[in-house]
Amino acid sequence: MRRIMLLVPPLAVASLAVAIFGAEGVGGQTAQAAVPGPAAAPHVVKADLPGRAIFEQNCAPCHGAGPGDDGAPMLPGTMTLERRYQGEIPGALELRDDLDGDTLRLFVRNGIGAMPMFRKSELSDADVDAVAAYLKATAEASAVK
Amino acid sequence: MAVLPPDLDAANFARFLEELRGAVGADWVWSSEDDLGPYRDSFSPVWNQAEERHASAAVAPADVEQVQAIVRIAGRYKVPLFPISTGKNFGYGGPSPNVTGSVVLDLKRMNRVLEVDDKRHFALVEPGVSYFDLYRHIKDKGLKVMIDCPDPGWGSPIGNSLERGIGYTMPQFRDHFGASCGMEVVLPNGEVMRTGMGALPGSQSWQEYKYGFGPDPSGLFAQGNFGIVTKMGFRLMPLPEYYRTGLITVPRRRDFVKLVEHVNYLSDSSLIGEAVYGSPLAALMGDKAFYALATRQGGPSDAEMDAAASKAGLPSWQVDLQFFGPEAATRENWEYAKQRILADIPGAKAIDGDHFPLPATEEQLLNTTQPYKTGIRRYGALGVPSLGIWRIVSGNGHVGFFPVLPRSGEAVFEMQRAMCDGLREFPLAGRFFNATTAPLYWHSYAFQMVFAPSVKHDDPALNAEVHAAMKKAVAVAAEHGWGDYRAAPIYQDDVADTYSFNNHALRRFHEQLKDAIDPDGIVAPGRGGIWPRRFRK
Numbered sequence: 001m002r003r004i005m006l007l008v009p010p011l012a013v014a015s016l017a018v019a020i021f022g023a024e025g026v027g028g029q030t031a032q033a034a035v036p037g038p039a040a041a042p043h044v045v046k047a048d049l050p051g052r053a054i055f056e057q058n059c060a061p062c063h064g065a066g067p068g069d070d071g072a073p074m075l076p077g078t079m080t081l082e083r084r085y086q087g088e089i090p091g092a093l094e095l096r097d098d099l100d101g102d103t104l105r106l107f108v109r110n111g112i113g114a115m116p117m118f119r120k121s122e123l124s125d126a127d128v129d130a131v132a133a134y135l136k137a138t139a140e141a142s143a144v145k
Numbered sequence: 146m147a148v149l150p151p152d153l154d155a156a157n158f159a160r161f162l163e164e165l166r167g168a169v170g171a172d173w174v175w176s177s178e179d180d181l182g183p184y185r186d187s188f189s190p191v192w193n194q195a196e197e198r199h200a201s202a203a204v205a206p207a208d209v210e211q212v213q214a215i216v217r218i219a220g221r222y223k224v225p226l227f228p229i230s231t232g233k234n235f236g237y238g239g240p241s242p243n244v245t246g247s248v249v250l251d252l253k254r255m256n257r258v259l260e261v262d263d264k265r266h267f268a269l270v271e272p273g274v275s276y277f278d279l280y281r282h283i284k285d286k287g288l289k290v291m292i293d294c295p296d297p298g299w300g301s302p303i304g305n306s307l308e309r310g311i312g313y314t315m316p317q318f319r320d321h322f323g324a325s326c327g328m329e330v331v332l333p334n335g336e337v338m339r340t341g342m343g344a345l346p347g348s349q350s351w352q353e354y355k356y357g358f359g360p361d362p363s364g365l366f367a368q369g370n371f372g373i374v375t376k377m378g379f380r381l382m383p384l385p386e387y388y389r390t391g392l393i394t395v396p397r398r399r400d401f402v403k404l405v406e407h408v409n410y411l412s413d414s415s416l417i418g419e420a421v422y423g424s425p426l427a428a429l430m431g432d433k434a435f436y437a438l439a440t441r442q443g444g445p446s447d448a449e450m451d452a453a454a455s456k457a458g459l460p461s462w463q464v465d466l467q468f469f470g471p472e473a474a475t476r477e478n479w480e481y482a483k484q485r486i487l488a489d490i491p492g493a494k495a496i497d498g499d500h501f502p503l504p505a506t507e508e509q510l511l512n513t514t515q516p517y518k519t520g521i522r523r524y525g526a527l528g529v530p531s532l533g534i535w536r537i538v539s540g541n542g543h544v545g546f547f548p549v550l551p552r553s554g555e556a557v558f559e560m561q562r563a564m565c566d567g568l569r570e571f572p573l574a575g576r577f578f579n580a581t582t583a584p585l586y587w588h589s590y591a592f593q594m595v596f597a598p599s600v601k602h603d604d605p606a607l608n609a610e611v612h613a614a615m616k617k618a619v620a621v622a623a624e625h626g627w628g629d630y631r632a633a634p635i636y637q638d639d640v641a642d643t644y645s646f647n648n649h650a651l652r653r654f655h656e657q658l659k660d661a662i663d664p665d666g667i668v669a670p671g672r673g674g675i676w677p678r679r680f681r682k
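Protein sequences, first through last, are from chains A and B.
Under our numbering, the first residue of the first sequence is numbered 1, with each subsequent residue one higher.
Under our numbering, the first residue of the second sequence is numbered 146, with each subsequent residue one higher.
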């Protein structure tokens, strides 16, 4: 039976946050736990499917495979998953071939951790299915299992 | 369905929903618990508590005519509507309403960029347009304008500005409501109204002259509940030719007073973009002895803080400056800022930062080449929407209290001390208010500080502490003349209560207006602390 991994696990951080914005410190960089994973952004061969644009507009700003802002090695959602999986499976969703529409929908509609829920007005069930098809095809094209 | 609208039974609610379906189509009305889950506030400190506000349904119109139809149906059934734009008002309530049983009027489908003019420098958009959408539109069409966006780019210019949200570029654009110009509003009776020059048929200057003639009611729709904004114009900055940064540090705690005065001058003279203040001493907060000093009852003395800075070999304060414009102008303005500040504050130092032509390259956007540790978040600084900021969101999010204070060093010291002392019973507060806390220069002519503790859905004890601390923070700040600028529905009454001059004359005026325009509370009753007669206790 295929194992389903959480998209965004609850963050294993102190229950009371280091302050947002103000307590980031003068460097503007929040202290982060060590993040395993590739030193450079992984190679992603993007499948030419309708879900690509939906993913890029709705998911990739957090779950893309590229670097994060202001020196962060990864985008927030990817980094969170990378920390959780510790290299066991990819943190970047575009390298995941185990996420079908129902699995994605579970997290999209319910949110998890710092990821809020998405409404049908912004991401329809059909959109989620299209993203799932895109992710699977992209992961396969990128030859990562 | 989990909840019903106020004063409506199940049979009439079913009839109401059927009318909504007739107006917008069955696919765009939701009332099941599953479908309404995403309309909860995922950042709520009262998650699964009695105080949490729940919608009874949601409806997503495609155009203004459908908005009008929904408002008229709601009026017949006296059902409160709670309009949202993209629904991303996280930290301030998300898409959840003030009144349980409200129907969320979800405007996400109204997502057209109606116009962007890069010769007259404005945009006209619908509520469902996100900052990502507007940025993409401008890029795709090669238009020479720059937007000013908040940290998370999935919010909407209309929703953010109606919350009086902010960005990070030049002063006249950072205040998003202040940079708006002209709006279209569906009133509680279903009529469509346009403000400013939009009220004059045939006018071509709706997005250029916001006042028109006579009173301008547009301010009533920001943090208010007098109508549903369906179009709104925004001024845009012409894409600057060049971007330059620089850092100023000052050695002593009291130097901050002069530093702020100089930066106020630079900002009010339109010479700089957002100035990002910080204290390098914040890096010492992990040290127990320093933490105790910085959070001590009554506050530390200047001499003690200066001794700590000297021992650590750190300056007491720094400010990141940013310059936009022609290359030569940015160079001269930075030189002027350096000369002005270094000549007046002994020991002040300046470091030249990154500078490059705009638009920035992908590499420049990543902000990895500053020769010093910078507080600037470059995507925001250059008006490029992103979600990179989500890296600092922990738990299930946070709530936000952002008291407004004067732009002076003395006021900063006073807020550090008073808020730290006033919230001493909440250990979490010391991380937000201490002797190293720097002001935020988001709004163009005022400072703010931030109290944004995190919450967790499965930790009601933590959430209760956060909730109590938030209410106490509002009260402590008000005792000192500081007010919150924006609040989640669960705190809006508390905050509105603090704006109480002359026996709450402002609130009573708003209530009079609300009673005249919307006595049954069809549009967002309670929003901004304004309740119509029907809902007033």
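I should point out that these hints are in silico values taken from the structure, not numbers from a laboratory.
Keep in mind the model is a prediction, meaning the values are calculated, not measured.
There could be a bad hint or two in this list.
Claimed, not checked - Lysine-lysine pairs mimicking DSS-like chemistry, simulated, CA-CA at most 30 Å apart:
#1 A:Lys-46 x B:Lys-403
#2 B:Lys-223 x B:Lys-518
#3 B:Lys-264 x A:Lys-46
#4 B:Lys-264 x B:Lys-286
#5 B:Lys-403 x B:Lys-494
#6 B:Lys-682 x B:Lys-617
Unchecked claim - Label-pair distances were calculated between CB atoms; the ranges are:
#7 B:Arg-166 x A:Pro-50: 25 to 35 Å
#8 B:Asp-262 x A:Tyr-85: 42 to 52 Å
#9 B:Ala-591 x A:Gln-86: 50 to 60 Å
#10 A:Gln-86 x B:Ala-474: 42 to 52 Å
#11 B:Arg-265 x A:Gln-86: 52 to 62 Å
#12 A:Ser-124 x B:Lys-682: 54 to 64 Å
#13 A:Pro-73 x B:Lys-264: 52 to 62 Å
As the list claims (entries may be wrong) - From the derived model, a few chain B residues whose C-beta atoms are all more than 10 Å from chain A:
#14 Asp-179
#15 Gly-182
#16 Arg-257
#17 Leu-259
#18 Lys-355
#19 Arg-399
#20 Lys-433
#21 Asp-499
#22 Gly-533
Heads up, the beta-carbon is just placed ideally off N, CA and C, and yes, glycines get one too.
To see whether the hints hold, each was checked on the structure:
1. A:Lys-46 x B:Lys-403: violated (53 Å)
2. B:Lys-223 x B:Lys-518: violated (56 Å)
3. B:Lys-264 x A:Lys-46: violated (37 Å)
4. B:Lys-264 x B:Lys-286: Given that 30 Å is the threshold and the Cα spacing comes to 14 Å, the pair holds.
5. B:Lys-403 x B:Lys-494: The hint holds at about 14 Å.
6. B:Lys-682 x B:Lys-617: With Cα atoms ~23 Å apart, Lys-682 of chain B and Lys-617 of chain B stay inside 30 Å; holds.
7. B:Arg-166 x A:Pro-50: 25 to 35 Å: holds (28 Å)
8. B:Asp-262 x A:Tyr-85: 42 to 52 Å: holds (47 Å)
9. B:Ala-591 x A:Gln-86: 50 to 60 Å: violated (45 Å)
10. A:Gln-86 x B:Ala-474: 42 to 52 Å: Because 50 Å falls inside the window, the suggested range holds.
11. B:Arg-265 x A:Gln-86: 52 to 62 Å: holds (54 Å)
12. A:Ser-124 x B:Lys-682: 54 to 64 Å: violated (41 Å)
13. A:Pro-73 x B:Lys-264: 52 to 62 Å: This hint is violated: roughly 41 Å between Cβ atoms.
14. Asp-179: The claim is violated: Asp-179 of chain B sits with its nearest Cβ about 7 Å from chain A, within 10 Å.
15. Gly-182: violated (6 Å)
16. Arg-257: holds (15 Å)
17. Leu-259: Its Cβ never comes within 10 Å of chain A, the nearest being 19 Å, so this holds.
18. Lys-355: holds (30 Å)
19. Arg-399: Per Cβ check, Arg-399 of chain B is outside 10 Å of chain A; nearest 18 Å; holds.
20. Lys-433: Lys-433 of chain B clear of chain A: closest Cβ-Cβ about 16 Å, beyond 10 Å.
21. Asp-499: With a cut-off of 10 Å, Asp-499 of chain B remains clear of chain A, as the shortest Cβ separation is near 12 Å.
22. Gly-533: Violated, since 3 Å does not exceed 10 Å.
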